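4 protein chains.
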Amino acid sequence: MLNFSSDYTNGAHPDVLQRLVETNGEILTTYGSDRYTEAAKTKIRAACSCPDADIYFLAGGTQTNLTVISGMLGLCAGVIAADTGHIALHEAGAIEYTGHKVMTVPQHEGKITAEALSACLAAFDADENRTHMPYPGMVYISHPTEYGTLYSLAELEALSAICRAREIPLFLDGARLGYGLASRRTDVTMADIARLCDVFYIGGTKVGALCGEAVVFPRGNAPRHFFTMVKQHGALLAKGRLVGVQFDALFTDGLYLTISRHAIDLAEELKVILREKGYRFFMETDTNQQFVILQNGQYAALSEKVALSYWEAYDEHHTVVRFATSWSTTEEDLAALREIL
Amino acid sequence: MLNFSSDYTNGAHPDVLQRLVETNGEILTTYGSDRYTEAAKTKIRAACSCPDADIYFLAGGTQTNLTVISGMLGLCAGVIAADTGHIALHEAGAIEYTGHKVMTVPQHEGKITAEALSACLAAFDADENRTHMPYPGMVYISHPTEYGTLYSLAELEALSAICRAREIPLFLDGARLGYGLASRRTDVTMADIARLCDVFYIGGTKVGALCGEAVVFPRGNAPRHFFTMVKQHGALLAKGRLVGVQFDALFTDGLYLTISRHAIDLAEELKVILREKGYRFFMETDTNQQFVILQNGQYAALSEKVALSYWEAYDEHHTVVRFATSWSTTEEDLAALREIL
Amino acid sequence: MLNFSSDYTNGAHPDVLQRLVETNGEILTTYGSDRYTEAAKTKIRAACSCPDADIYFLAGGTQTNLTVISGMLGLCAGVIAADTGHIALHEAGAIEYTGHKVMTVPQHEGKITAEALSACLAAFDADENRTHMPYPGMVYISHPTEYGTLYSLAELEALSAICRAREIPLFLDGARLGYGLASRRTDVTMADIARLCDVFYIGGTKVGALCGEAVVFPRGNAPRHFFTMVKQHGALLAKGRLVGVQFDALFTDGLYLTISRHAIDLAEELKVILREKGYRFFMETDTNQQFVILQNGQYAALSEKVALSYWEAYDEHHTVVRFATSWSTTEEDLAALREIL
Amino acid sequence: MLNFSSDYTNGAHPDVLQRLVETNGEILTTYGSDRYTEAAKTKIRAACSCPDADIYFLAGGTQTNLTVISGMLGLCAGVIAADTGHIALHEAGAIEYTGHKVMTVPQHEGKITAEALSACLAAFDADENRTHMPYPGMVYISHPTEYGTLYSLAELEALSAICRAREIPLFLDGARLGYGLASRRTDVTMADIARLCDVFYIGGTKVGALCGEAVVFPRGNAPRHFFTMVKQHGALLAKGRLVGVQFDALFTDGLYLTISRHAIDLAEELKVILREKGYRFFMETDTNQQFVILQNGQYAALSEKVALSYWEAYDEHHTVVRFATSWSTTEEDLAALREIL
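Protein chains in written order, with the working numbering: chain A, 13 to 353; chain B, 13 to 353; chain C, 13 to 353; chain D, 13 to 353.
This is chain A alone, in the form it adopts within the complex (with noise of 0.2 angstroms):
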């Protein structure tokens, strides 16, 4: 069946699974301490344009937001999320799991505003009960975000100077930044974004690789003992070569911004699909992800054609649905889409 139900559907990348082929014989140091990861780590400080960073390549998103989280929260710190933050809805309550409350604030197009963000810390500054609530120990911010939005470079450095005012990390999670970065409306490069957070994640699950994202400390500020904090979350993998072998194709060449690109045109293409058929957009996106309304009919009849994915209820006779490009979807995909709806 026709699939757009998500961009990890697919498998590795054909360069990346070339790269765990020619380097699979070959007998590796273990836990990252290998060629390839070291080479990976190399080739991502460049496209930082940070060369004092520290990297650690871990397996999947949630696992990286907890880690990364907890490691970086005091004790009775939370870290600030929009409501819609991947960490606060669909996470399984990871980050309350390791001991830390997810202080929502209202989203805008899946984004913090600055206004809402330094509403939210004058308001628990202005608390005369603020010692007994949890206080706001980092912000955590998705780009693209859940609904596929980006930050544009004034807002991601508005969101920046608040926090360094106030001297709690910027977390950017960036499951799906290569789609974000080969936008076609975004003024937001790497180098931005390592410039202005203290923390954030190149995914890979998503834009190209079989699992692994990269953690990126800018300026070499990753806490002390993060690597233990790694193996103490269970996300250290004895193979470390799995991950940094892929990262390491995935930074050659560009190929992670090329692969993005391709992923970003046929999501235009999509757009044109989708407003010529009538489709009524969720939210105006500029990346991989397209979330438009359906009534609760139209999407049971049309997933019997293609794979979509269920989003949220919109309300009681609609529904809000997601079509995902990825670097594996095909014109030939298009145009049955195209046919089907």
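Everything labelled a hint here was simulated from the structure, so no lab data went into it.
For clarity, every value in this text was computed on a predicted model and none was experimentally measured.
Be aware that one or more of the hints could be misleading.
Identical chains share a label here; the pair holds if one copy fits it or two copies do between them.
[Said to hold, decoys possible] Derived SDA-like pairs: lysine to any residue, alpha-carbon spacing no greater than 25 angstroms straight-line:
{"no.": "1", "residue 1": "Lys317", "residue 2": "Glu50"}
{"no.": "2", "residue 1": "Lys317", "residue 2": "Ile305"}
{"no.": "3", "residue 1": "Lys289", "residue 2": "Glu344"}
{"no.": "4", "residue 1": "Lys283", "residue 2": "Ile39"}
{"no.": "5", "residue 1": "Lys317", "residue 2": "Glu38"}
{"no.": "6", "residue 1": "Lys317", "residue 2": "Asn141"}
{"no.": "7", "residue 1": "Lys289", "residue 2": "Ile305"}
{"no.": "8", "residue 1": "Lys55", "residue 2": "Ala203"}
{"no.": "9", "residue 1": "Lys317", "residue 2": "Thr35"}
{"no.": "10", "residue 1": "Lys317", "residue 2": "Glu140"}
{"no.": "11", "residue 1": "Lys283", "residue 2": "Tyr326"}
{"no.": "12", "residue 1": "Lys317", "residue 2": "Ser45"}
{"no.": "13", "residue 1": "Lys289", "residue 2": "His330"}
{"no.": "14", "residue 1": "Lys317", "residue 2": "Asp327"}
Fit chains B, C and D to the known structure of chain A by using the hints.
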């Protein structure tokens, strides 16, 4: 200074103190195995009409909430609470520290309505991503609520029915239970609470004791190993007599209700005074806490003459403040307050 | 029945109770902000010769241990304790519940020797797998120990030097500190403890109070947000006066030491009696707890006449039991015991 | 450099890699719902003779241990393990991080004996302070153990009988299960393990896979919400196919056992070589790991020519090191090693 800031600025009720003094010279067994603790349990079982109830005495409210909630929730379960619930706001993230999400629903007068609860549960059940989410494992309500309001018997019955249909426990935080039971406009008795809830606690700290809360599992349904859980959470008093003797006194000859009624009588007078003086109520309540909206300047001025509690910001220019009576408030206090207002 | 089972079967020391009674009618601010709590802090600072000490009052020992330890340990850090340490054995896994490993070292008379500590640290440092292990982040000792033994000043200095060289805090559990300071064979003062430790607590529950322990950070070195941590752990008493008033009494006119000395005097007499009657000591101790080895039958028979504490199995046929004196033990108690033995 | 340091310095077994390559182009459903994962489960159920088994695929060993253990333990429960058990030593305190104590018993050849287990349980039951202690809630064993030794069928049956009598689960960590099953001196089959344990995992990472472990609940006895727990612990792979495909390959045509047997054949040759060369074995083992005691100087010298694993200090002058074979070790490797030794 005149003090209406809270119901725990006083010491113990004289009768409670007297019992501590009378029993002080006795050698008693420890960790709650003494005869006064046993007597208190017997009296509470009678007051609840629950001959099989398991009863535990802890020192304070947050401690009780975190021990009960973490002791009854499954690993991935969250606890549903009003967004103004004490566990959601003013317990420093204690529930999250035990690894569980507080799943908030919008409050109505500080209460969870049956509609809001049903909607929350239905939304969870309908969410196709629900296996990636914490599941609702308990419902937490306060009675009186944090705003001093009360559930009606019909409201409690409705919530209880929903919880039983779903087989999740209903937990009632009775930090100020006495003031709720003694209200002039309630149709809810202690026996009703015991019948409709799966666990609740009878607050002592705010109703005549120096410290102490009585946790009641009405049908002998304490979790296995609950005593050890209490110890594990640091909530087991070596001299269990401290709380046992106080509750024995509070549940002798109806003292708990008698002193609560006194607070309610004065609260009703307080309401009259506030109304006469033209104060604007934030919410209509029938218990010992009264919330009014003050201009910020008025709040500052008034605070120099009478101790009040800051509750929350109302808007930029106004603050919600609390006046509380207790078993120790006097007619003279009210007369003096009337002078000041 | 005659009772030597523990030092917390009694109520409050009469002078302590008297202060609770005298202050009961006062309206006081809450959560430890009252003037008696402040006065108690001032007196404790003087007793420790630590004018800058941060002091917090909690209700009980396990609660204090878990709050202090989790508040000071890094995420992957463990706490080193003697394998007979209270946190390792009899706190229901409270430390593990906060996420940290108790790293045990073999005890000598209930104590950690400098040699054992150095060996433990050296073994960690030499272990090539140490990044896959929790790292030593604190040293926990009890003084008196769980067996009633005491560190000498030289021993404490040696442990302190090791901890400072490694920059990990030394935490002294003083649940029975009074009985240690009042021992006839100690060269350790409260000022020594304050000088050599990074945090310690002065036990109230077992030395004259109904409940309460005073946590001292001698150089104003409480972790940031420690007040909120206390709240988060359910350890913040709403009526902070309950513990504040008691410690104010205990540290007025040297009451704490005076009553401890009484217990020591009687413990010395108890030792003479036990020796005369041919009892076999499990360990030589100079504080208020005396441990002897009884045949199991003898233990059962004796238990019918005098309350003792089971301590641990010695072998298949023998049991280690504890006789404890306290500030409330009388000469008459000892005379009666002599009759029975 | 010649490498005998571990069984995870290689990539995937060629047949496993081949399946990843062949299936890479397919669009598959996510989070373990794909057909290869389903096929792998079916084959594992057959290999275990457990048609009703619940099976989950996770990425690595520590992750599996912490998810299974925290998912099955009650709140105050600890897990009994040998003091050399992986969870007790080399998982960075991961179990404690989930809130549970690892209760160690002395090991014999890396194993828990029935006697040691019975003694531990009897001591707990006899301890009059046991309600102040974590209770034994699970038994964890490794097969092969961390020293490469194996339980006999009689030993496993004895442990299982003790666990069942007490109604606590027996969990077998099979990180290297293949090498245990393929040993020339074992009478334990996979079906025996499934019959005698309540949960176990079949290690992939060290036996032919790039990553992945298969958790088996043999009688359909997975805890409720276990899928969500896996997500909560960050252990749910978005592309579940990554592990599913690999296990499908490993359990096709007996590959798992075939390649394990190869490692065992070479380990037997390795033992002959080590014995011939006069090396002193730390323990007699019949699986793919061989531990010998080297003088520290000898260890340093040898390490320049062949990669070995440091295991532990033996004494001041000697070190225990590990030689490991795997499915990828060759006769040429052994010949080269013979030259060097």
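Practice item. Give me the numbers of the hints this structure contradicts, sorted from smallest to largest. Key: none
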